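**Q** The listed protein sequences derive, respectively, from chains A and B.
For the first sequence, my numbering gives the first residue as 1, with consecutive numbering after it.
For the second sequence, my numbering gives the first residue as 1001, with consecutive numbering after it.
For the record, the hints were derived by calculation from the structure and aren't laboratory data.
Bear in mind the structure is a predicted one, so any value in this text is a computation, not a measurement.
There could be a bad hint or two in this list.
[Claimed, not checked] Quick list of simulated restraints, FRET-style, between CB atoms: (1) Thr-1026(B) with Gln-69(A): 33 to 41 Å; (2) Pro-1018(B) with Glu-15(A): 45 to 53 Å; (3) Thr-1017(B) with Thr-31(A): 37 to 45 Å; (4) Thr-1071(B) with Val-84(A): 38 to 46 Å; (5) Ser-1065(B) with Gln-2(A): 19 to 27 Å; (6) Asp-1054(B) with Asp-22(A): 35 to 43 Å; (7) Pro-1018(B) with Thr-20(A): 39 to 47 Å.
Note that CB positions come from ideal geometry on N, CA and C, so glycine has one too.
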Amino acid sequence: AQKVTQAQTEISVVEKEDVTLDCVYETRDTTYYLFWYKQPPSGELVFLIRRNSFDEQNEISGRYSWNFQKSTSSFNFTITASQVVDSAVYFCALSDGSSNTGKLIFGQGTTLQVKP
Amino acid sequence: DAGITQSPRHKVTETGTPVTLRCHQTENHRYMYWYRQDPGHGLRLIHYSYGVKDTDKGEVSDGYSVSRSKTEDFLLTLESATSSQTSVYFCATKRATYEQYFGPGTRLTVT
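The following block holds chain A by itself, in its conformation from the complex:
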């Protein structure tokens, strides 16, 4: 069975600190996709990134970076120099690539609070 675990329920940092959100996944599929979504206080879900199982290259987008390690089944998300606008709930999700259904398995989410 597939599973996504975000062990950090809540994280609080002060603005300009770096913060890493952890995501550990379980799957028996050899082809799969990993995602991060952001849910700001307004409630909408915002897609941040997709990573394929066969591409372990890390990715950087501005202050955001993602570290994908198949050896540890982890897909961690780092925000550098956090800002108050980064305050949100962040979800990691997993989808199998073999059936093409695209069904997402979400982690429980990590609430990030960035204080000024």
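For chain A, the structure is supplied; the task is to place chain B on it using the hints.
**A** Chain B in isolation, oriented as in the chain A frame:
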């Protein structure tokens, strides 16, 4: 933005009444999904559709039914609402590149 709208955005209903939530997309995506979001559970899949009149169950489908008569519309029905179905419901569509885009959500309260 995948052009997804949900209606209603908020609804309060009584236990035992039927409720239908509507999801409308303008992107002509084949796959559509209904999720519910509850504290401590993240989002969980209720049902999904892979084409007109083609639907399948998700992780938490008991008490829910769906219908898709047109590519752009995906309806979620609670035949007889219960308090355990109080939740925020999100509709989503999937792009060919696999990421899903979500609607704004419907907050449903069953009293």
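**Q** Which hints from the list above does the structure break, by number from lowest to highest?
**A** none
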